[in-house]
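> Take the two lone chains, each set in its own frame, and fit them into one complex as the hints suggest.
What follows is the residue order along each chain.
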Amino acid sequence: MTETRRPRIFLVEDHAVFRAGVRAELGDAVEVVGEADEVEAAIELINERIPDVVLLDVHLPGGGGHAVLNGVLPHHPEVRFLALSVSDAPEDVIAVIRAGARGYITKTISGGELLQAVYRVAAGDAVFSPRLAGFVLDAFSHGTAANQSGTVDPELDQISPREREVLRLIARGYTYKEVARDLTISAKTVESHVSSVLRKLQLSTRHELTRWATDRRLI
Amino acid sequence: MRRSSDGRVLAGICAGISQKTGIDVTILRIGFVLVGLFAGFPVLIYALAWLIVPLNTETTNIFSRAVADRRGIRLVIAIIPLVIVTQIVVSLLHVSFVGIISWPVFLAAGLTILIWRNASEPERVWMHNDLVPMLSVGSEGPGRWKVILRTTAGAALAVGGIVVLVLGHPSTAALRPLGGALLVIAAIVIVFGPWWLSLVRDLMAERQARALAEERSQMAAHVHDSVLQTLALIQRSAEDPQSVVRLARAQERELRAWLFEGRAPGSIGDEVTNLAEGVGLLQRHVEADHGIAVQVVLVGDCPLTEGLRALLDAAREATVNAAKWSGAPQVSLYAEVEPGAVILFVRDRGRGFDPAVVPADRQGIAQSIRARMARYGGTVAIRSAPGEGTEVELRMPVPQ
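Protein sequences appear in the order of chains A and B. According to my numbering, the first sequence is numbered sequentially starting from 13. According to my numbering, the second sequence is numbered sequentially starting from 6.
Honestly, the hints are just simulated from the structure, not real lab data.
Here are the computed distance ranges between Cβ atoms for each label pair:
no.	chain 1	residue 1	chain 2	residue 2	range
1	A	Glu43	B	Asp11	55 to 61 Å
2	B	Arg258	A	Glu177	43 to 49 Å
3	A	Ala36	B	Asp11	52 to 58 Å
Small disclaimer: the values here were computed from a predicted structure and weren't measured. Even glycine gets a Cβ: it sits at the ideal position worked out from N, Cα and C.
Chain B on its own, in the form it takes in the complex (with noise of 0.2 Å):
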């Protein structure tokens, strides 16, 4: 069995089994909620099936990868003495139907830390674009009375179960083994306390060295894309000053422009808005630069998302590589406006590469192509061979 990538709402469990088996996949669903919401073992198997089954776009399990994730691991353990106090608690106050839910759902709980570490970049990018808007705080826009309904029906719960819990069973009788149940939580805070503390300070700044680590990258594109582009056509004008002269001082004025008015060279700016104008200004400033024809045809035109400045910007690394190393004196730029994708081509007919054997510290295909459009949840197909020129594809989602 394999978990759907296309019919998924969540992990894409109930369409693999309704693919497997032929239920209905509705059905399955409503069933899989019903029975979560009574007895909660679903959801821990549910957690459980997404840890195991590999997606059917993949080969692997997100198993696998979690095993070697040490810092999950501590994570869900440290979630365990939460599961013993709530325990306590419910056992404490006599209400063991949700005794009998809070185990499931804090394991899968537990195991969900280790299936958002341990995603695959495509699920992952999948999760952050589909899934935590539906989670969002964000009181702007259409997604506002999704929060007022929220929090309407969160407050409401919490009241009648604060009710029910207070009515249901005398004070007198309740109250003496809560005291005894808050000095068990005592104790339990104060000897694990300090650990999550660590293991919260610990995530923390893990994700400042990614943050750092996704600075240092960009900073390395727009690097290569300016500086060491330049370079390379100082070093082959060489004999003709003039233009020595022309390119570095297009070049000084860029990087001032990006060291003292923030302004990353190599982009498309803010006052370009669509597709079209990016697209156009892109074939302008290539055509001037590197001195090869670049022929364009675009199908539809859209406003400019952040992913698109990203796709424009690869778009012009990669026009500017078939520039640089095909040797052909014009190169192709198709773009289409998909429903949900714009999908953009750039072809050589120069001598091509194999793009096996691109030495790992060529920057323009690493940094400047795929990292920029993976940030954003782009694609890109690289098709060459010795002899028979170059095809780049890039493909960026839009939101619809």
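Only chain A is shown next, with the shape it has when bound in the complex (with noise of 0.2 Å):
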């Protein structure tokens, strides 16, 4: 990657045990400004340090992932967040993707893909697991769109053909840079597709988006 010096990273996750093991797979490739168990003092410490990527739980006690980004994203929108999850329930998903996570993993990611995660979200682009990407297709593809305010540009309500091949790969497990090689387009391409979509997953009003959520459990 491009970063010339470290990223510096916060880390909020209620499990000592988790936190230990992430510190100990980054180890020195990321600088770990600090850590946080629950939802109030992660929004103080963060604001305090403006790290550039928070590796925020999903689940926390005092409110979940999402209040950490309402509490911080106001204020810093410089600060980039990637969500953990063990669970990949859609609720979680959307919620912490809608409140502004830049990225989502699950806790199953290997040591040298979550550095490559962070490095990513560090440099302002997206991560999607191959689990988001499916929920991505499974909420944009099916169905006509139907807009629900009427107020959003339509161009948020669809993703082009191109994106939904990049998103189609992630599904099945390539890397980005086996997405790059199977569909002859450059890493950086790549990238660009899946941030676009994230900024339509973060703006649509499509209302799929929403009852994908609830409708669905984890299978």
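As structure tokens, then:
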């Protein structure tokens, strides 16, 4: 990655064992500037230290991950959040992404992949787990675009055929590099497609998004 | 020129000509049908073209395969006496119009036998799934009115024809030569009858043999999926007597259920009715039995058909293969419901293999995946290279 200095990381996670595990996995590649195990402390410390990337557990005592996002982003929109979860439950995904997280990964991710995801989010790109990619395909591909309020740009209610191809490959378990090779495009282009999808995911009023999240349970 | 496989109604010949010449395909079709009704010979030309012109997705034509089909050729020859009989009857009744039509139509029917028997697998599946239902005589559901319509039309035509024949020719004049014709027909039947019978018997035997072979291959697939897989697991856990006992017991239970209750091992039970449940069950079973994490992504959902059950069985086999051979700790399973098909990918980042050098006796890919999918018109693509992991792509058509 092009980052010259180590990204400054903040860990929000209520399991001490997992925090220690993440620290060990990331090692010297990042600088961990702080940790918190509940919502209020997290908001306070993050607003004070302004890290590059916050690794945010979705399930937190005192309001959940999206409460942290709501407490930080209005004051410091430059802080980037990468959500971590054990469950991949649709409600979790939709809540943190819509609240402003730049990415979503599950805790089963390997150390190397986690580091890559952190770098990517630090550089302003989006990180999609296969499940998140599948979720977007599901919510955006099926049914007609139904805009509830009618006030938002209809562009936001659709994903382009190219974006769909990229998401499909990610959902099949391809890394960005493999997606780029398969579609013969650059890794940078893959990243911009994913970021564009993330933007649509955050801004779209498509009612399928909410319906999908409430209808679908874990399979 | 090639026959078009996507714009086809029957053989794709009109669509092929239209692509070649630019003439509108509907005009060509109407022309063909009209001329065919009055002259008959276009029907023969059409059948010949079907036989000789290859499909645009294939390199060989049906004819090249048909020359080796001796039984099919015998069937065609058996039709010739029928043509002669018809000609005799027709010439006696002085309805030469029918005579002009019947020659080419009978010959075309003969060629259709060769086409049916020697078409490539995908075209056969297409004919079976899309043409046969058109001719079906099933009397329930939306097809019922078609049957009624056809029966009525057929009966009306037959009655009309008989009336025309009887009224058009004074009975005294017509009956005498008819008697002679009956004698000739009887002679032909006596001469050729036993041969026809033996042909029919041969055909029935052939069909039985095919059903038997199919049953055998299904059984082999089941035994492979259950017994052989368990034996491999037992060998691997030889140091752990407890898990050997557990595996053996589970296998015994499964085999008993198969032999005495008819429940096929390793397949998705009837209690599962939609794709999401089936995929979830597959994930749980493979994770529990084989100690590999299965990461599932599913886009859309639909009710399970026979074909989709086969797809899930094949997907389970691909996942188990990944667990056994790839060495990877995780396998990704992605399924998407598309209009008209379900597509499923099983991917691992393990050691991979060269698909060209898999020994033929490795049941897994041949029987459990390819044969299973082909039985319901599905397709399989396997991408792998040593060190690159493996991806198995399964596609199963779903009636909309």
